[in-house]
Amino acid sequence: MSINEFLAEARAELDRLEPEQALAAQRDGALIVDIRPHVNRAEEGEIPGALPIERIHLEWRLDPSGSHRIPEVRPDSRVVVVCNEGYASSLAARDLHRVGLPGATDLVGGFRAWRAAGLPVQSGGAPAIP
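For the sequence shown, counting from 1, position 6 maps to 6 in full-length UniProt numbering; every step adds exactly one.
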C-alpha cells in the first residue's frame, strides 16, 4: 500500500474539519491538540487554547482509559488534531480512534490553513505536555 492509499484509508474514518469548523468545535468544547514539533510552534505560532502534545506522546496522553492520559480526556471527548499541513494529523486522529476516542478528527490543511484563514494565532513555543 502506498502512503497516499494509507492516508486515504485513514481519512475515510474521519469527519475532517475546515479551519472555521474547528474553531466552532473548540468553542463548543472540543480539544485542539497540536502535534507539531516545538520548533514549528515557536516559529509559526500556536492556536490559542490548543494543547501541545508532540506526536510521540499522543496516544499515551489521549487514551481515555490510560493511566498516563491528560485529565481533559474522556471517551466521549471531541479532539481535533493539528499538524503543519493536515497529513500527519489524519494518521494521528485515525490512531486515536483505535485507542478509544471515536470523536477524534483533524484539521484540513493543518495549522497553516488555520493561519491563512485569519483565525486567532498567538506567539508560539509553549512546552509540550510530556
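Treat the hints with care, as some may be off.
Ranges between beta-carbon positions, derived for each pair [unchecked claim]:
id: 1; residue 1: Pro64; residue 2: Ser123; range: 28 to 34 Å
id: 2; residue 1: Ala12; residue 2: Ala42; range: 31 to 37 Å
id: 3; residue 1: Gln21; residue 2: Asp76; range: 16 to 22 Å
id: 4; residue 1: Ile56; residue 2: Glu85; range: 28 to 34 Å
id: 5; residue 1: Glu5; residue 2: Ala42; range: 23 to 29 Å
id: 6; residue 1: Ser65; residue 2: Glu43; range: 33 to 39 Å
Derived by calculation from the structure, the hints in this document are not laboratory data.
Built from N, CA and C at the ideal position, the CB exists for glycine as well.
To see whether the hints hold, each was checked on the structure:
1. Pro64 - Ser123: 28 to 34 Å: 31 Å, holds
2. Ala12 - Ala42: 31 to 37 Å: For Ala12 and Ala42 the Cβ distance comes to about 34 Å; the hint holds.
3. Gln21 - Asp76: 16 to 22 Å: 19 Å, holds
4. Ile56 - Glu85: 28 to 34 Å: This hint is violated: roughly 19 Å between Cβ atoms.
5. Glu5 - Ala42: 23 to 29 Å: 34 Å, violated
6. Ser65 - Glu43: 33 to 39 Å: 35 Å, holds
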